[in-house]
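Chemist: Single-letter residue listing:
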Amino acid sequence: MESTLTAQNYSKSKSLIYALKQVAPIILGFLPVGFAYGVLARKTGISIDNTLLMSILVFAGSSQFIAVGLLAAGGSFISIVITTFIVNLRHMLMSAALAPYLKKWSKFGILCFGFQLTDETFALHSTRFAAGENSRRETYMINCIAQLAWVFGTGLGIISSTLITDVKPMGLDYALPVMFIALLVAQLKDRSHLLVALGAGVLSTALSLGGVNQWNVIIATLIGATAGVVLSWTRN
Amino acid sequence: MDQKLILLTIVGMMVVTYVPRFLPALALSSRNLPPVLTRWLSYVPSAVLSALLFPSLLIHEGALDFSFSNLFLWAAIPSFAVMFLTRSFFGTVATGMVVVAAVRYFIS
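Residue numbers (my numbering), protein chains in the order written: chain H, 1 to 236; chain B, 1001 to 1108.
These aren't lab readings, by the way, just hints derived from the structure by calculation.
The C-beta atom is built at its ideal place from N, Cα and C for all residues, glycine as well.
There may be inaccurate statements among the hints.
Claimed, not checked - Label pairs and their computed distance ranges (CB to CB): (1) H:Ser13 to B:Leu1033: 30 to 38 Å; (2) B:Ser1088 to H:Gly69: 39 to 47 Å; (3) B:Ser1069 to H:Asn9: 27 to 35 Å; (4) B:Ala1027 to H:Gly132: 17 to 25 Å.
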């Protein structure tokens, strides 16, 4: 009995070490971005409770930044919720992309997994799952540690917000774009992915310049991924 | 600012964020996806990430900006380089933020 317990503890601590190793880059990315969000939210006049609660309940970097911006500009409940919905629609595609790997998971397990599905954890899990590593325990650990880092970063931002008068001299406003750069490079597996990325990026920019705001990301993604499939057909 | 209304907004944001995150996984996990769809889905991450990234680098104050004043665009070059060479997530984020902060400190 004692030996099995020890064995279990051993495998649990091994899982934790594996999860920490995998999630470390995300922690280091989430801390400064969460920090920037915490500072910006407090500067906008959102209460400490609500600033923290948004990181706990929503846990979506880009839409939290957008929501803070809209609240500062006097945006309404409806406009903020609809914008959040559109910006986060991209997670439908990520959720669908991971579905084949979740076949053996319970419905409740998928519900738990979905709550913490972000751009960053998606990028990590899609690589892990493709390599055949989809232990549920390690997956949950990675997700929980990632969100803890996000909430902790937010907390640090809240504490520091009274000391920081302007976020620009610290480069905090660049935290989100540079995080996307790192995630994007990690996704470029071959030339076709690079072409799809360039196409979708240019299209999204053109749509945005043409006045298609928020929807530009969804439209460019749908067209870009479809073009990728067509491209891979014509080559074979 | 009315904090109760903000709380309500946060709950609304939670609902519209959570549903797209779990619904496709729940609905599709019990089926075998056709290869074409799997292939299509494999392109989604690179497409969606650059669709988010490009406008934030290229558009400055509502217009395309390739001038030196568009700091976000030029800071992307060392950031991309660091990620390509080191594959370090933290190194990349740190590079981007330090470059932006340093240019602002020394030039403007």
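Chemist: If a hint holds in the structure, say so; if it doesn't, say that too.
Modeler: Hint-by-hint comparison with the structure:
1. H:Ser13 to B:Leu1033: 30 to 38 Å: Given range 30 to 38 Å: holds, Cβ gap about 36 Å.
2. B:Ser1088 to H:Gly69: 39 to 47 Å: violated, 30 Å
3. B:Ser1069 to H:Asn9: 27 to 35 Å: The hinted range 27 to 35 Å is violated for serine 1069 (chain B) and asparagine 9 (chain H), with Cβ atoms some 57 Å apart.
4. B:Ala1027 to H:Gly132: 17 to 25 Å: Holds: the Cβ-Cβ distance is about 24 Å, inside 17 to 25 Å.
When the structure is compared with the earlier hints, violations turn up for hints 2, 3 and for no others.
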